[in-house]
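**Q** Spelled out, the chains give:
Protein chains: 2
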Amino acid sequence: MSVNPDLLKERKSATFDVEKLTELLYNGKDKLRRRRYLQNIVFQDKYLQSFKPWWNRTRNEKYETGLKKTAYLDKLKSDLNITDRAEEYYITQAAASSEPSPLGVHGGMFLPTLEKQANKEQIERYLKPAQQYKIIGTYAQTELGHGTFIRGLETTATYDPKTEEFIINSPTLTSMKYWPGGLGKSANYVVLMAQLYTKEKCHGLHSFVVQIRSMDDHKPMPGVTVGDIGNKLGYNSNDNGFLIFDHVRIPRDAMLMRYAKVDKDGTYTRSGDARITYGTMVLVRANIVANCGFALSQAVTIVTRYSAVRRQTEIKPGGEEPQVIDYQTQQEKIFPLIAASYAFQFIGITMLREYFRISGDMERGEFSEMQVLHATAAGLKAFTSDIMNNGIDRLRMACGGHGYSHASGLPKIWANIVPACTYEGENTVMYLQCARYLVKQYAEAVKGKKLSDFMSYLNKPMKQRSSLTTDLRTNDLIEAFEHVAARLIQVAATSLQTLMKKGATMEIARNNSSVLMVRAAKAHCQLYVVKIFCEMVSAVNVDTEVNKVLNTLCQLYAVCGINDKLGDFMQDGYLSESQAEMISNKMLELFAELRPNAVGLVDAFDYPDQVLQSCIGRYDGNVYEALYEYAKGSPLNKTDVHESYYTTLRPLMKGELSVDGPSARL
Amino acid sequence: MSVNPDLLKERKSATFDVEKLTELLYNGKDKLRRRRYLQNIVFQDKYLQSFKPWWNRTRNEKYETGLKKTAYLDKLKSDLNITDRAEEYYITQAAASSEPSPLGVHGGMFLPTLEKQANKEQIERYLKPAQQYKIIGTYAQTELGHGTFIRGLETTATYDPKTEEFIINSPTLTSMKYWPGGLGKSANYVVLMAQLYTKEKCHGLHSFVVQIRSMDDHKPMPGVTVGDIGNKLGYNSNDNGFLIFDHVRIPRDAMLMRYAKVDKDGTYTRSGDARITYGTMVLVRANIVANCGFALSQAVTIVTRYSAVRRQTEIKPGGEEPQVIDYQTQQEKIFPLIAASYAFQFIGITMLREYFRISGDMERGEFSEMQVLHATAAGLKAFTSDIMNNGIDRLRMACGGHGYSHASGLPKIWANIVPACTYEGENTVMYLQCARYLVKQYAEAVKGKKLSDFMSYLNKPMKQRSSLTTDLRTNDLIEAFEHVAARLIQVAATSLQTLMKKGATMEIARNNSSVLMVRAAKAHCQLYVVKIFCEMVSAVNVDTEVNKVLNTLCQLYAVCGINDKLGDFMQDGYLSESQAEMISNKMLELFAELRPNAVGLVDAFDYPDQVLQSCIGRYDGNVYEALYEYAKGSPLNKTDVHESYYTTLRPLMKGELSVDGPSARL
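Chains as they are written, first to last, in the working numbering: chain X, 1 to 666; chain S, 1 to 666.
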């Protein structure tokens with residue numbers, strides 16, 4: 001089928017070379033070519049093509065398909081000698097986009113934990129077989145009654161020196177492990193987080209490797225109760241599970257002993273610096289930021305293309321129906337999220353780069369920069385996932401009815417990425433973690449200490465008035481976000497101090513300032529995004545036109561950021577009435593400026609149709625043909641006349657309804 | 001099982017009599033007793049208890065269950081002689097909460113359209129059999145290519161005077177009817193919206209009654225292609241369908257002729273005032289507002305109770321873990337939405353009352369108040385559904401991981417109510433409709449015309465400064481919202497004029513002011529909600545304590561409304577810096593004031609557990625027991641060892657994976 005003429009026109013009207021921007025996003029021509037090569041292997045694979053479309057799978061089929069694809073892709077990656085993380089991701093995305101693998105935690109948490117915390121002997125015993133899937137593991141931390149507060153976890157591991165074993169137990173209903181991915185039906189081993197008791201003393205949480213299913217027949221081990229936790233909003237390809245231990249004994253050397261150990265007689269000793277394990281958290285959160293950017297960019301690709309193809313209503317009476325992307329209100333829904341998609345991808349890259357730089361230091365025992373990285377990663381994980389979550393839902397609604405159908409692909413993307421707001425640190429908790437760091441830094445700054453690098457904006461004297469003009473100079477924009485972040489941190493810090501002066505404990509004062517603290521953390525994160533986005537864009541050196549469109553995106557991101565939180569910028573008179581009006585006008589001007597490049601900017605993300613799986617976001621724009629095909633595949637359309645006609649409709653129509661006798665009522 | 005002690009404590013701490021507030025919500029003691037009586041009949045019904053829980057139903061089972069419940073409930077209602085709309089709703093809600101009936105459009109649109117637009121003969125022929133389900137109908141308006149812009153619909157009805165028939169045709173792919181509820185597999189008749197052609201002239205959209213399936217065997221009629229449109233985010237109990245006509249002939253008298261007719265020779269004449277049909281739209285939208293309030297109140301009931309039961313983290317180190325509802329950040333997520341739930345239910349009631357008052361006038365040919373009602377209903381439908389949509393999702397996330405499970409009941413409520421943002425007028429289109437009215441009213445006011453009743457705030461001179469103080473006097477609050485609404489309407493109107501003075505056509509000017517117009521409409525709707533909520537609350541006369549807690553809710557709603565859009569209130573200096581700070585402080589104070597009554601306020605909505613269907617929102621607070629029971633019922637737990645172990649996991653673990661030969665790749 002030929003490409004929809006509206007999309008053809010859009011692609012011709014772009015002022016920049018789309019391919020050049022795509023090369024930038026994927027680290028150059030060669031890596032981009034390699035990405036496409038690998039994707040095409042997947043797209044041409046007959047086995048991977050043989051699955052029922054995801055939107056018609058039952059829960060059992062979702063899980064089965066998840067496992068089968070995972071196993072097959074593992075073989076495929078090994079046949080192709082793939083070891084690069086990015087390349088692995090391209091293949092997984094091409095084959096199972098937004099379909100979380102039941103073995104995702106095996107690769108993402110079980111193996112890395114063993115790598116970091118196992119001693120040499122344990123590496124041989126657990127890690128090596130796990131790398132070959134002889135052992136299938138998951139990470140069992142969250143319990144029915146505790147997620148956020150891991151110190152409150154109730155599962156116990158009590159050392160018995162007589163037999164040199166730990167007794168693993170779930171003492172209460174709420175202590176059952178609940179939620180770990182792959183736990184329900186797949187895993188036969190877990191890394192278990194449990195409270196370590198030895199010599200009648202609790203030493204807090206430690207990690208243990210525990211076998212939960214037999215290697216012979218996969219049946220639960222004696223004393224182990226395990227299963228799937230049931231259907232969820234998304235993630236239904238994954239067997240998130242529950243797990244209960246009834247005094248299960250495991251050998252002493254099943255405790256991961258790199259940073260702490262229990263001797264034969266039960267003596268507990270720490271060794272090494274466990275802070276190094278914090279690095280993993282930063283890495284995971286940096287990846288979440290990047291993933292939020294990817295999910296948002298997929299959604300925005302779908303919606304931008306559809307908005308270029310969809311024609312509706314009339315601007316002039318009797319005139320041609322315009323493309324809906326020409327409506328200013330539609331631009332307001334889409335364009336800021338195109339900007340955010342680019343921003344978050346760039347931020348993800350920066351965070352990963354920072355992580356690798358700083359974790360090198362940490363391996364050498366240097367932890368000074370750890371704190372700022374840790375606090376910022378926590379805040380940014382929350383900030384980007386919040387915007388992504390609201391953003392994708394807003395984009396879905398920008399497609400009217402068709403967005404609500406699974407045919408659009410949008411509900412699938414959304415439902416499988418929103419857990420990012422909750423896992424690896426619930427967002428509000430993350431903001432508060434970030435805010436506590438900010439408030440401490442503020443106190444240091446007040447004392448006159450020169451803060452390092454990114455926090456140094458707290459050392460600057462507060463300006464009374466913004467010098468922002470219609471030029472939107474980068475420095476003025478950044479300064480505005482610095483001003484608001486500094487002011488809101490000050491407000492939160494002042495609230496804390498005031499409450500404590502009135503006699504509140506630190507803890508009560510913190511709780512009663514927490515709404516203000518979250519607000520401060522958000523402002524700090526927004527500043528980080530604006531500043532890094534500006535810096536990265538100004539460092540880009542592709543060609544004039546690419547640089548120009550990226551610069552427009554950057555301005556748009558900043559201007560919308562001000563417009564969204566106008567009160568914060570105006571409250572102390574920093575932004576004047578006329579500047580506020582200017583921002584509102586600039587935003588509309590930037591929409592108009594971006595308009596000719598909208599489709600080009602989403603094309604540049606380079607998501608093939610097989611990744612988007614959207615009838616309305618197709619590259620060729622033949623959306624209506626695709627929607628009709630989708631409809632025909634409905635499970636209700638297997639027969640012209642549905643079975644329910646005979647059981648229910650006909651009796652209802654003939655007034656002969658018996659429904660097993662309404663006498664059932666009494 | 002006994003009630004969770006935290007909930008017991010909460011219920012004791014409420015400062016008001018919950019039952020009295022419930023009586024107020026349900027129109028008095030007697031009606032409340034009747035509601036509970038009817039609900040209990042449903043809850044004790046064995047047949048209705050016999051269905052598989054909804055979260056484990058396949059698509060086919062969802063549809064089948066929907067039909068069976070609908071048919072059975074119809075019989076039940078008739079056995080109980082129920083004719084009152086509210087009572088019907090109580091029964092449906094008790095039996096199938098958030099499970100949209102496949103025959104919902106039959107009762108909600110097909111029958112009412114016949115009632116309003118059919119002539120006497122058509123009433124006998126269509127309406128009477130439809131009332132007895134001999135005919136099952138739906139309302140076929142939306143097409144694949146057109147939703148919002150109904151004038152753009154492409155389906156044609158061409159009169160052929162030779163045979164005295166209309167030829168119904170779908171001339172293009174995009175002209176297929178797409179989305180109507182119950183169309184896919186259930187309906188055998190439709191009210192069809194099509195462009196009427198007679199004597200070579202198009203007379204625009206008219207309604208026709210068209211048979212689409214045989215009365216004998218339910219097979220599609222000759223020339224008709226019909227089916228289900230496939231799986232969606234929600235509404236999967238409903239067979240939303242597609243429908244294509246290939247030159248299908250229907251008799252002349254199948255056109256609904258009350259307001260227009262075509263004579264035998266093809267002469268077209270209008271009769272009566274079709275504006276009366278606009279009233280239906282207002283009624284439907286008023287019901288949507290009320291339904292948004294109901295859905296939000298269900299979600300907020302679940303989340304408030306769970307937040308009282310859930311304990312997490314520590315405020316004091318080593319101290320007891322507090323109820324999460326004691327965290328200020330949690331209060332910020334929940335309490336404004338308790339206030340909104342009450343506000344929207346009250347607004348729904350007011351709108352219905354206004355509708356009945358004004359539609360009485362309309363029947364007498366008096367249309368003067370129609371316009372304001374129509375514009376306000378459009379805006380409020382959008383405004384309340386937007387807040388509900390974001391609100392329920394925020395509430396879901398306030399429950400951490402458990403909110404994401406279908407066990408929480410929250411995804412179900414959300415997925416089945418969010419279409420309210422799209423159907424019966426897409427929200428942005430609704431805001432713009434409302435805004436166009438506001439801008440016209442503003443022009444009238446500028447000319448010195450005294451506006452009627454609710455719009456009269458545009459006649460007032462603009463105050464420079466707010467007199468709002470910590471007392472939060474109702475008049476000052478309302479005045480603040482009036483000020484912002486008036487100012488933003490002025491900004492939108494000025495933008496329109498400025499653009500037109502620069503040479504833009506009205507249409508272009510409107511489009512380039514549309515972001516500002518939407519903002520103005522939102523401010524007007526917020527004013528309406530605040531004002532009516534205040535008025536209704538001050539008219540309540542139950543007892544001092546009930547009045548007091550309602551007054552707190554009202555203040556909280558208003559204060560949060562200002563805090564959310566602080567920039568709008570500050571931009572022209574109306575609210576000062578110190579007033580802005582006061583608002584922020586007041587909000588936190590009101591959270592603390594509301595805290596002891598939170599559970600009481602949601603209990604007062606009086607949703608039985610069978611309606612909420614939530615493990616975490618149970619009245620008795622035994623959430624963990626319920627979550628474990630839910631998990632055990634997972635479809636993956638039918639056997640200890642899942643089938644996939646044999647097909648996939650074991651071969652993977654043994655390195656013997658063949659997956660139909662990875663040779664399938666080439």
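None of these hints come from the bench; they were simulated from the model. Do not rely on the hints blindly, as some may be mistaken.
Since the list gives no way to pick one copy over another, a pair counts as held whenever it fits inside one copy or between any two copies.
Here are the computed lysine to aspartate or glutamate pairs in the EDC-like style, where the Cα-Cα straight-line distance is at most 16 Å [said to hold, decoys possible]:
(1) K75 x E87
(2) K632 x D265
(3) K75 x E535
(4) K75 x E656
(5) K548 x D79
(6) K162 x D265
(7) K77 x E88
(8) K9 x D606
(9) K20 x E444
(10) K201 x D160
(11) K333 x E426
(12) K219 x E643
(13) K128 x D564
(14) K116 x E629
Fair warning: this is a prediction, and the values are worked out from it, not measured in the lab.
**Q** Of the hints stated earlier, which fail here?
**A** 2, 3, 5, 8, 9, 13 and 14
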